[in-house]
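Sequence lines, in order, name chains A and B. Each residue of the first sequence is one higher than the last, beginning at 22 in my numbering. Each residue of the second sequence is one higher than the last, beginning at 660 in my numbering.
Calculated from the structure, these hints are not laboratory results. Computed from a predicted structure; not experimentally measured. Incorrect hints may appear among the rest.
BS3-like mimics (lysine-lysine), calculated; alpha carbons at most 27 Å apart, straight line [as the list claims (entries may be wrong)]:
hint : chain 1 : residue 1 : chain 2 : residue 2
1    : A       : K210      : B       : K683
2    : A       : K326      : A       : K423
3    : A       : K253      : A       : K83
4    : A       : K66       : A       : K89
5    : A       : K52       : A       : K203
6    : B       : K683      : A       : K168
7    : A       : K67       : A       : K83
8    : A       : K83       : A       : K51
9    : A       : K296      : A       : K436
10   : A       : K375      : B       : K775
11   : B       : K775      : B       : K762
12   : A       : K436      : B       : K736
13   : A       : K281      : A       : K326
14   : A       : K385      : B       : K780
15   : B       : K762      : A       : K203
16   : A       : K296      : B       : K775
17   : A       : K83       : A       : K326
18   : A       : K436      : A       : K375
19   : B       : K780      : B       : K732
20   : A       : K253      : A       : K281
21   : A       : K52       : A       : K168
22   : A       : K292      : B       : K775
23   : A       : K281      : A       : K210
24   : B       : K775      : A       : K203
25   : B       : K762      : B       : K736
26   : A       : K67       : A       : K52
27   : A       : K296      : A       : K423
Covered stretches of chain B, going by a simulated chain A footprint (3 or more residues, C-beta under 8 Å) [said to hold, decoys possible]:
hint : segment
28   : 660-672
29   : 782-794
Now the in silico label distances, taken between C-beta atoms and shown as ranges [said to hold, decoys possible]:
hint : chain 1 : residue 1 : chain 2 : residue 2 : range
30   : B       : R695      : A       : G384      : 43 to 53 Å
31   : B       : R674      : A       : G59       : 54 to 64 Å
32   : A       : L209      : B       : S661      : 19 to 29 Å
Cβ coordinates follow ideal geometry from the N, Cα and C atoms, glycine included.
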Amino acid sequence: METVLTTYFVNERYRRLDTYRQYGGYEALKKAFAMDPGQIIDEVKKANLRGRGGAGFPAGVKWGFLPKDLSRPRVLVVNADEGEPGTFKDRLIMTRGPHLLIEGIGISCFALRAHACWIYIRGEFVREARIVDDAIAEAYAAGLLGKNILGSGFDLDVTVHRGAGAYICGEETSLINSLEGKRGWPRLKPPFPASVGAFGLPTIVNNVETIADVPWIITHGGGTFAALGVEKNGGTRLIGVSGAVNRPGVYELSAGVNLKDIIYHHAGGIKDGKKLKAVIPGGSSTPVLRPDEIDVSYDIESMGKIGTMAGSGGVIVIPEGACMVRSLSVLMNFYAHESCGQCTPCREGTGWLKRIVGRIEEGKGREGDVELILDLCDNMMGRTICPLADAAVMPAQSFIWKFREEFDRHIGEQKCPYGNRF
Amino acid sequence: MSVAFSETGRAEVERLLTRYPERKAVILPALYLAQREFGYVSDEAIVYIAGLVGTSPAEIEGVATFYTMYNRKPVGKYHVQICRNISCSLLGAEHLIEHVSAKLGVRPGETTPDGKFTLTKVECLGSCGTAPVMQVNDDYHENLTVESIDRILDQLP
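Extracted from the complex, chain B is given alone in its bound form (with noise of 0.2 Å):
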């Protein structure tokens, strides 16, 4: 089943192509529209891109998998990504790992099966300075705890 941007969405492609000097620049602009579009970057996506900037799928391919942030299957409406490199650890990020495992009842990299929370450890967010961090989505949580880890979880709709 082929796919295609919404209205919206390819006027974005259009603006975007004014901002570089080469039609592919847009692509990773791109996957983050289809991932916004269709909730993630789908076989049918990774073609519909390829005809927009004019190459091969397989490039877009080679693109979208190099970069962590582009999913290739669908995620959990809520992606709940905790950091867990140096910083965060020396202050209890593998802790708070643990115990948001067992809260969800998924592994690292695994969804509910209710579909609402996947979640997955990741490397540095760069917010060393208010260890440990966790990413919901396009948000940032800070100085996490546990206490506070399953407020934030608890208050997801």
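Same shape as in the complex, but just chain A (with noise of 0.2 Å):
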């Protein structure tokens, strides 16, 4: 299959601009230039690229919500915060092609007319952040960043700001006040970011695998990348596997391909000749799924109508003989401390789900505990000013409509069947 991104991946030069440009580097970039910044953006909607951090939002009608006056600097953000359990394909592009990804900002830049960008990168991938500081540093020396790129008469500074450890920093409003330099508490919106985002400016926030892929979309057109995905869902996308695999990484592969291929086919099968229990299927907020629902296109319509999501495209694969209570504790566990405390549904909430499922794992579960859970989740959804709640409420509500028989087992039995162990 064609790859849009990994294609050079193996070769660890790669990341060094001579490398990249020997591959044809920096090509889309002069391309870019010689066009119209609508044309780009037209492109970049012919494409159907999806945004790759979770929410699949259009990219191109994303970039079409900037005010259309220019009296007001505008900034590209990206997300480089890559927090949701289950994911890391980021790191991947970071390390792998760091060129790909600023590349794709001077195109995104170019096309939404801003002069500034930054890359708000993870605190604790530290060597993700020097590796893409000296791709930044080669790209100035060589005239493809700073004051007029390539004799276009375009400038555009990339600066890399790093969090300092919060998985809220990866909602989009939450990563601006980060970036501010406060602590990372989403905003309400309105004022969306296009209007009023990082430094009152207007703010496009795009995950780094979106602007990654500008280059190829730049240099195939639109339509080409379209063609790769399936409807609605275009190019490839970098799918994480871990968990109880034989082979766990990313993979790139086609925005449509099958759930099931991904597990059994590509990441190959799993471990220990063991037999599947349950696919989180995009990343640890995504409801899971049972053996019997994953033969199913992984596009974001598709995964939809099972009731589940595509999100980041980390799919966590846990096996028979894995405790679901005990998998859903260490979850709601991670919850509760992430939850930024600014919304009581979530900061009270996420604490009890946390309590609740780890009593019944540890065999001091309560008739009526597993009602109790859902009623909270009633009570969070949808009911703060981020999808923090929801994020937790989606496992909570699944693992219990799922694998109910589990939690009540523990309860009525007042231990947990495995042992208390993976």
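Two independent chains are provided; combine them into the complex using the hints.
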């Protein structure tokens, strides 16, 4: 299959500018400078490029939300906060092909008429931030960033900004606050970042993979990119497979690949010859699937039809013998830890979920606890500034709906049938 | 006692100030600098950074304590951070945490009496395809086993 991003990743030197250029790097930027910014946006729209951070919003449409008047400078912020458990693809782009990202930033900023860009990289990615920083320095030295890039008259400054350990900063308004030097608290919308974003300026926030797809789209055309995927889901996706599979890792596959094929064909099936028990298909927030539900196209609409999401492309595979209550307990600990504390339903609700699921796992569950969890979920979903509460609710509800008998058994027997271990 | 960044640190702050339209945007990088130069984010460092960016120490404190990577107390020479999230747990992270805890004689959140190691359980490190994973200071160690974790920790000077 044709690949957009990973084609040359096998070559370690691809992260360096000279090698990147040998493979045709920065030719797309040259081509873009000869185009009209509006034409570039049209190509991205034609490409059916959907945001790769999790929400799947059409990138070209998002770009169209910037105000028409150019009186205020506009900026691009790249979301490299990659924190959704199960997701580890942007890290691959940053370590193996940082110039793909930088060239994508150049083209995108030219299209958006933005002259400043910040790449917000999660704090733990120290090495990744260094690699991207080095690549930026190479690009400045070669006249591919800075003033009058390649004689086009276009100026652009790109800066790496490191996060400092907060899952919530992957949410775009929280990320903007963090970039401004504040606590990463999500903002009420409206105003949307496209009108009032970073430093009060019109701002577009895009995921690393979304931006890294742009050079290929400009080289080959939006229609060609669209054809690599399926209807409404253009191109390829970087899909991370983790958990109990024989070959965990990142796979670049068509946006319309079958989920069962991802697990059994590409990732080599279930580890230790075990049977499959459950799949969290698109990062830890996405509703869990039973084995009989995974014969489905991984595109955003098909996944939506079966009540879940392709999200950020993180497929987590849970084998037979793993306790679903313990798995949910791990996730509930995570969301309680990461709630920013701003909205009561989330701050209190994630703590309650953690404690109730935790006590069921410990063998201290009470009659009615399962109903209590579901009731709590109803009081959290959609009632907060950002989707973190929803992100905790979706696994909680779906684990119960699909694996209810395990919860009942824990409560009935007053112990974990799996011995409180994975 | 008041503190101040080294000459290199001050030059770094000056350079950073040119990269943002607002002064306060250097708060996060300045907190990292403080950690690098002073070992942790001390009360004095908070007051110093507040002076640098022109805001109150309370605001800096609010930012510093929001994020998990700023240490408001000293940590060991090696900060051993083991991921406990789902993909790592499915592949034995809980066992690894117990092992390291017993090996070092500290519970998660504690520092060894000689100040060499601090052990922390952390949330997803974004390296799920090579689980289980730990971060020691800036470096990731992936595909961990009891044997490899022993080797890594034993080799640290």
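Comparing the hints with the structure gives:
As the CA atoms of A/K210 and B/K683 are separated by approximately 23 Å, the hinted pair is consistent with the 27 Å bound. A C-alpha spacing of about 16 Å is found between A/K326 and A/K423, which places the hinted pair at or below 27 Å, so the restraint holds. Between A/K253 and A/K83 the alpha-carbon distance is near 15 Å, which keeps this suggested pair within the 27 Å criterion. For the hint linking A/K66 to A/K89, the alpha-carbon distance of about 18 Å falls within 27 Å, and the restraint holds.
A distance of roughly 39 Å separates the Cα atoms of A/K52 and A/K203; the hinted pair therefore is violated under the 27 Å criterion. For the hint linking B/K683 to A/K168, the alpha-carbon distance of about 25 Å falls within 27 Å, and the restraint holds. With a CA separation close to 13 Å, the supplied pair A/K67 and A/K83 stays within the 27 Å bound. Restraint check for A/K83 and A/K51: satisfied, since their Cα atoms lie roughly 24 Å apart, inside the 27 Å limit.
The hinted pair formed by A/K296 and A/K436 meets the criterion: a straight-line CA distance of about 24 Å does not exceed 27 Å. For the suggested pair A/K375 and B/K775, the alpha carbons sit about 33 Å apart, so the restraint of at most 27 Å is broken. For the given pair, B/K775 sits about 13 Å from B/K762 by alpha-carbon distance, which is consistent with the 27 Å threshold. Between A/K436 and B/K736, the direct Cα distance comes to roughly 40 Å. Violation of the 27 Å bound is thereby established for this hinted pair.
With a C-alpha separation of about 16 Å, the suggested pair A/K281 and A/K326 falls inside the 27 Å cut-off, and the hint holds. Simply put, A/K385 and B/K780 have alpha-carbon atoms about 24 Å apart, close enough for the 27 Å limit, and the pair holds. With a CA separation close to 39 Å, the supplied pair B/K762 and A/K203 exceeds the 27 Å bound. Of the supplied pair hints, the one linking A/K296 and B/K775 is violated, its CA atoms being roughly 43 Å apart against a limit of 27 Å.
Simply put, A/K83 and A/K326 have alpha-carbon atoms about 24 Å apart, close enough for the 27 Å limit, and the pair holds. For a cut-off of 27 Å, the pair hint linking A/K436 to A/K375 stands: about 17 Å separates their Cα positions. With a C-alpha separation of about 17 Å, the suggested pairing of B/K780 with B/K732 holds against the 27 Å cut-off. Distance check on the hinted pair: A/K253 and A/K281 sit about 21 Å apart at the alpha-carbon level, within 27 Å; holds.
Distance hint between A/K52 and A/K168 is fulfilled; the C-alpha atoms sit about 18 Å from each other, no more than 27 Å. Taken as a hint, the A/K292 and B/K775 pair is broken in the structure, with Cα atoms around 37 Å apart against an allowance of 27 Å. A threshold of 27 Å between alpha carbons decides the hint, and for A/K281 with A/K210 the separation of about 38 Å lies outside it, so the pair is violated. Restraint check for B/K775 and A/K203: not satisfied, since their Cα atoms lie roughly 32 Å apart, outside the 27 Å limit.
As the CA atoms of B/K762 and B/K736 are separated by approximately 17 Å, the hinted pair is consistent with the 27 Å bound. A threshold of 27 Å between alpha carbons decides the hint, and for A/K67 with A/K52 the separation of about 17 Å falls inside it, so the pair holds. Using a Cα cut-off of 27 Å, the hinted pair A/K296 and A/K423 holds, with the two alpha carbons roughly 17 Å apart. Remark: the segment 660-672 of chain B is not confirmed as covered by chain A, as 0 of its residues place a Cβ nearer than 8 Å to a Cβ of that chain, below the required three.
Closer than 8 Å: that is the beta-carbon criterion, and the segment 782-794 of chain B has 10 residues meeting it against chain A, so the requirement of 3 holds. A hinted range of 43 to 53 Å holds for the C-beta pair B/R695 and A/G384, which are about 46 Å apart. The hinted window of 54 to 64 Å between B/R674 and A/G59 is violated, with their beta carbons roughly 36 Å apart. Between A/L209 and B/S661 the beta carbons are some 39 Å apart, a value that contradicts the proposed interval 19 to 29 Å.
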